[in-house]
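> Next come the chains, spelled out residue by residue.
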Amino acid sequence: MKPQLGVCYYPEHWPEAQWPDDAARMVETGLEWVRIGEFAWSRLEPNEGDLRWEWLDRAVEVLGAAGLKVVMGTPTATPPRWVCEKHPDMFALDANGHVRGFGSRRHYCFSHEGYCAEAVRITRLTAERYGRNPHIAAWQTDNEYGCHDTVISYSDAACTAFRIWLEQRYGNIGALNDAWGNVFWSMEYRHFGEVFLPNLTVTEPNPSHVLDFQRFSSDQVVQFNRAQAEVLRELTDAPLIHNYMGRTLEFDHFKVGDDLDVASWDSYPLGFLEDRSDQPEAFKQQFARQGDPDFQAFHHDIYRAVGKGRWWVMEQQPGPVNWAPHNPDPLPGMARLWAWEAFAHGAEAVLYFRWRQAPMAQEQMHSGLLRPDSVAAPALGEAAQVAAEAAHLDLADTGAPVALVFDYESAWAWNAQPQGAEFDYFRLVFDFYKALRKLGLSIDIVPPSCTDLSPWQMVVIPGLLHWGALKSALEAYEGVVVAGPRTASKTADMQIPIPMGPNMPGVDATVARVESLRPDMPIMLDQGGTFQFWREVVEGRSLEDARDGHPARVGTARRQYLAGWPDERALHRILADACDEASLPTLDLPEGLRVRDIGAWRFAINYANRAWKLSKHIEGAPSGRIAPADVSWWLK
Amino acid sequence: MKPQLGVCYYPEHWPEAQWPDDAARMVETGLEWVRIGEFAWSRLEPNEGDLRWEWLDRAVEVLGAAGLKVVMGTPTATPPRWVCEKHPDMFALDANGHVRGFGSRRHYCFSHEGYCAEAVRITRLTAERYGRNPHIAAWQTDNEYGCHDTVISYSDAACTAFRIWLEQRYGNIGALNDAWGNVFWSMEYRHFGEVFLPNLTVTEPNPSHVLDFQRFSSDQVVQFNRAQAEVLRELTDAPLIHNYMGRTLEFDHFKVGDDLDVASWDSYPLGFLEDRSDQPEAFKQQFARQGDPDFQAFHHDIYRAVGKGRWWVMEQQPGPVNWAPHNPDPLPGMARLWAWEAFAHGAEAVLYFRWRQAPMAQEQMHSGLLRPDSVAAPALGEAAQVAAEAAHLDLADTGAPVALVFDYESAWAWNAQPQGAEFDYFRLVFDFYKALRKLGLSIDIVPPSCTDLSPWQMVVIPGLLHWGALKSALEAYEGVVVAGPRTASKTADMQIPIPMGPNMPGVDATVARVESLRPDMPIMLDQGGTFQFWREVVEGRSLEDARDGHPARVGTARRQYLAGWPDERALHRILADACDEASLPTLDLPEGLRVRDIGAWRFAINYANRAWKLSKHIEGAPSGRIAPADVSWWLK
Amino acid sequence: MKPQLGVCYYPEHWPEAQWPDDAARMVETGLEWVRIGEFAWSRLEPNEGDLRWEWLDRAVEVLGAAGLKVVMGTPTATPPRWVCEKHPDMFALDANGHVRGFGSRRHYCFSHEGYCAEAVRITRLTAERYGRNPHIAAWQTDNEYGCHDTVISYSDAACTAFRIWLEQRYGNIGALNDAWGNVFWSMEYRHFGEVFLPNLTVTEPNPSHVLDFQRFSSDQVVQFNRAQAEVLRELTDAPLIHNYMGRTLEFDHFKVGDDLDVASWDSYPLGFLEDRSDQPEAFKQQFARQGDPDFQAFHHDIYRAVGKGRWWVMEQQPGPVNWAPHNPDPLPGMARLWAWEAFAHGAEAVLYFRWRQAPMAQEQMHSGLLRPDSVAAPALGEAAQVAAEAAHLDLADTGAPVALVFDYESAWAWNAQPQGAEFDYFRLVFDFYKALRKLGLSIDIVPPSCTDLSPWQMVVIPGLLHWGALKSALEAYEGVVVAGPRTASKTADMQIPIPMGPNMPGVDATVARVESLRPDMPIMLDQGGTFQFWREVVEGRSLEDARDGHPARVGTARRQYLAGWPDERALHRILADACDEASLPTLDLPEGLRVRDIGAWRFAINYANRAWKLSKHIEGAPSGRIAPADVSWWLK
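For the record, the sequence lines run as chains V, C and P. Quick note on this note's numbering: the first sequence kicks off at 1042 and runs consecutively. Quick note on this note's numbering: the second sequence kicks off at 1042 and runs consecutively. Quick note on this note's numbering: the third sequence kicks off at 1042 and runs consecutively.
Hint data in this document are derived by calculation from the structure and do not stem from the laboratory. All of these numbers come straight from a predicted model, not from anything done at the bench. All clues stand as given, with none of them false.
What follows is a list of derived Cβ distance ranges for each label pair:
no., chain 1, residue 1, chain 2, residue 2, range
1, P, 1610, C, 1197, 53 to 63 Å
2, V, 1154, P, 1056, 35 to 45 Å
3, V, 1136, C, 1509, 38 to 48 Å
4, C, 1197, P, 1326, 51 to 61 Å
5, P, 1656, V, 1136, 56 to 66 Å
6, C, 1197, P, 1271, 47 to 57 Å
7, P, 1580, C, 1509, 53 to 63 Å
8, C, 1197, P, 1349, 49 to 59 Å
9, P, 1317, C, 1106, 55 to 65 Å
10, P, 1190, V, 1580, 37 to 47 Å
11, C, 1098, P, 1495, 55 to 65 Å
12, C, 1567, V, 1433, 40 to 50 Å
Positions of the beta carbon are idealized from the N, C-alpha and C atoms, including for glycine.
Let's have the full structure, built from the sequences with the hints guiding it.
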């Protein structure tokens, strides 16, 4: 497939007279897609039932006539003021019970039936108008579910819906009391009507209660999205997409993705590094103009899985953003690099956000491809370069050799019970991902529902809450497996299983006890590196001991369990050895240089702010140096 | 004018038998002014309508008979409990909607009509009683507007008043929607009744919404003060004063000052350094017993502008205070130095706070001129020394050579949209002020409403939101101008102007884009120093480039725009060069030593905890050393 | 008395079939006590009046029949859901007015009359059932009063009760206004119904108001406990105990203890070091697997005083806990060391918490003597070792040579008015305690109500709010006294006394003023070390000056007042000299090594993670080395 570019556009922000010129300039730049409509409700329906399609009709016509394919967004992330007047209790409440009201965006509770009906209604009306419009080539549902911590709501509507959800899950209150262990601290309920949400407790609530509330909250997002998808299915044949947000874990993206055709995400590398990274300050300084070299790739791989192979970048940072603590300019070339990196991971399309920087309201300091005065911003030229380079390229992902299991429930569970201040599921999995990437590997993210692991030579499973469906897949699997720490240490109800974990197929081991560690007290390992933050005392056949004599890794060379959170050095060594065992060739990539294989092509991507000699670090690479912010690709 | 000293006194705190002795001792110390009454409402009117003037009559008589001039305060900053019973919704609400109730002070919402009427009523009663009393030589309205973050209130009363204010400003809701850019995120309103206050939103509210709410909130303070001033004007000829608080920016002091005769402020140098300073910890340690060498001077210069030349220090720290994280003793001599510094900046009077340390309630750990047991505290002797030294001195400010523009709206705007974590308007302007002071300059603070800049040889304009009235003044001005960064980057509605800023008279330049910087990624400048926190990519004639090739300064030597926030070294260099261009002689003062010219006198003030040889650092100074915490003055 | 061991057990968590085996294994380990019942309300009374004693009858029988003595807990710390349905306003409110509801534990307001009646009712029912049961050898009231900050409640019930309490204390509102100094800021009340709780004020509330609210809140705990004690006294002759929590200061433990027979506390050395320590990070790292070498001892000594000689450890950490930021494994041997240290301080019994790690709910990551799968955890063997070692030992405390005054009211007062960010009463007293311990001393904690100091050779009094009863005791005392800083600087109403403090018997000195210090500005002392955080300028006969010339210590060698907070070095020197004066022999113990004398025995306890040669550091000690986490004892 030829990589395609596009852009996000808001015709309602600009005089109609400017639309044709904008459209022509998009086409001239080499853009093929334009996303519109997702925040336009107040212009489509300024009062209840007072529908104003005409301007949007004309905008679609102008864009389509110019040769652009349109992604139409349902406008449900920003209900207008009158919707909120009609449904004054439609807002989410935060954990303190404070309303999260009108005045920005995402001001609705997923459990509010009245608002859900409004969302379906406007979706239906929009789809009726544009479902068969030839220029509309894809649909986006809502916008960035979960952004601004909007999945969890402590509203009355959520409480009511949670009780119903619990009743459906457990059938009777005794089963719930057993699953949560409510005999502890006399927390037993007599009926479902006695259950409240797990906020405003004196000390921490029951983690099983929290986990179920997270599951419920995630299911409410799935249900909200499904309601829109069902309406759209009736009225259009175009593919359905949602644009997920980076490091947003409060709902199960795999489950939302099951109702859609294509996954996409909104990629803001510099904002994410400043605002959502666990890396030390020196790292953030070093990559402040490039972004974390692995963060985008990790999400690309997640959404390739969520989309079952079909995925986009729906919003691509073009220059400084407005929402991180610091918002620097990207290095020249990054707007091109980020797009190529997405294509190297199999993206069908990359859309820059946004066409022209808005001069007003919340995002007026967020750059676009054009400045507010319509002069080209630096990213416009980079986009044109990508379009030209991509014109004759055909890329198709054919699968990676390594599978890394990623599970939203585990993130919720360990968030409910970190046990150590640094224990964060995303951070743990991302550490493993970074180590694999430094070894030059291409990676497939795999959900825990995966039942066949045979496509991969190696499977890596850090911190999985419980085995679930994966257990039988593992039993049938013949490749190399690296699991742990903390993997399968709980039941699905978030209790400690008896016999105690990990109960890992092929590994006879029991975790006797665990400890969380201060950052200044790492555990030295015999073969180099340390365990940090987390370590387990494991009974089993030791592959390597820690200096204090407890096993650090147990099992066999082809199926091992890690009894702690390895630091970068240890992780590199352990995974390199596992790759050897799996007959996977590895590299040792220098800082910021990354490799991704797609089909017959190998891409090299340089996030460093220095050049590297490619052939020195990557066997078979072309000679010559790769500049900072540059990309190189060749047939392997 | 001969510098005058005074003190704040609370006769209601002490046995009546002690008053004559206190008054005699004040006079003996050389004090001429005594401020009373501003917290005494519960003693003046213990129940509604039950007025008890007699004790205050006697107190005024005792003080006046001793030869003291009395400042009478209106007691509206501390309404008694019964007022709150009568108006149970008179309290401000914080951003979370929590009431800010009775039990300390400033427990009222400026928008509450019932309380505003009570405040006017007690003001009228007090003025009827004392308006023509010969001992009352000045009036103070309320006390420290805005202290404890009390300007902003999210009460229902504020919401109602805000809607009226908006309707008056915009006339129709369409104009408001355009000004705020509410089409963005479907935030459009159908009528003014749909507008709420900009709190409790899901993510950040519209910055135009926030800015207008700040303007409104400031106007409510102006209106509250004006209502008292109008009553007082009817009933007294004495000058009207308000005592502003340091680094309190939530309302426009210039506008409040327009209704009064004299500006004053409450100067707590050690508390401010510990509690309200952006300086690094090592700086705070070094000046912990002296205060920031420029902080007091900056406020002196602001309030000279607010008072149109007439200004006081209404409360002067005499020893340790009680409200900062750490409350050390001042160096011996500082209570004298601070008073002299105020006089050097043109203060008519300096009143120490307070006469005797109170043994009870919130401020019992706040020192006075006397200890609780009436023994003299160290500051009493220092005050007496100042009084003796001032006896035959005549000081009159005749204007400084440099104007520095300071604008409250800009503080609100950048607070609503900092874009970088360190971007704070006060900090930016104060950095420029400090650099000018280190160059030995005397400075006039100028509001953005200034229409004639001809009195000054140089005008400095950092971070001004938009030009406003200043634009035509600049067009007519022939002196040297240094503006930027961020100056005139917005419209008055807080949108990006087209053409884009700065649109600076005499400078052909456009800011193409901006970036905020991590503190660890400064931009090196070609001629020394760096840009920190903030930098702009500017198109225009470069006077100096940054190392990365972008212009750092554009324009001409006499009219330049700075494309970033210069660090101390760069700022010193740039402003020294500008002074040369303006034919302003400069010094290079060492740490803690400062100079201020007033009329024919030059004052040297030593905040350092070491001595300096004066003539080495200041041409024309007398020979000899200036000790720590000492002051020296001579005829230039 | 022979030291006794025990364990906390939850029969309701385990199948009944497992009880006999558990009981047998406890006995086999050498345990004599088992505590049960304190969280079992929902199983004892699943619906109102539906009492289910049978299972508990059988549990008591199984345990008793095995030879164990049972501690029965009243289950009032965890009222079941139905109690909360019945009393929907029984919850405490936090300072923001947010409810602290059902879903964990301690979800009740001590002032709620309805809940207090429920607590008395279930206590009476339990005592009627088991008061004369021969296996029940002690009773525990409730569980960890004050844990999770549950003493203070801002509920309506608390407000109502506070007004009654104030009326009883002051008689008329004028007396309250005088005591609080309410004339300040017009805070005067007309009647008690106008007083609210000291939350939600604009700036800080009156410290006298806060202090009285703390006294009231403490009294509510005393009253709540007394109500249970009175019921139990009617129905049982077994001793009554409460298990206090470490560093929990919000109520007066001495007063609660007055209604009980035995004091006990819950000792979690590693959790406390991570979560409740003022020590620097390097110290926390060094002792992360051992705990602070003085923290447990300090509490042992407090509760020996609270229990008037009779005290236990009711819950002893056996391995990692679940509630601190980091939860490491103890060093092997610590579960033994901690028990022996308690016995060395006179504990009658030490009960490990808990028997078997629970696989469910909030504490599933909290270790027990057994793993969740019933395999022995490391602490089981250590407990057995202690039991064996203790079998033939007889220990009886006969009093220590040094008294250290500890006062809960002082903690509340300085918390209401720290004046310096680091000023914390516990921290101050604990610094003195640590210094005394490093000198090898055994210490008695003494409440401020002590009227006879003659048992001790030396009395140390840091930071006592006001003298109270202690003044006449001091006047009669002939030993060495070290007092200050801040001691007796206030009246009981929290005003500054006139004459000003300390008004210390035998010391003619006046504190002229005080200052709080940044951590980076210590005051050097002439004889070594510094004052940190706090210093006073004192008039009096100087024993030692600070480098700045002000006296650092005043009085006489046998009765001195310290004019600041000495750092570790200064405190060691000053207290060593005072011991010399008191003819008390001292040691200079190395890091982590501590000594405790009990009767004729001397115990050495090694918290260090290195061994020490005992006889080198402790005269008269046996030869040989003491290993890390080891204990040694010998007849002096």
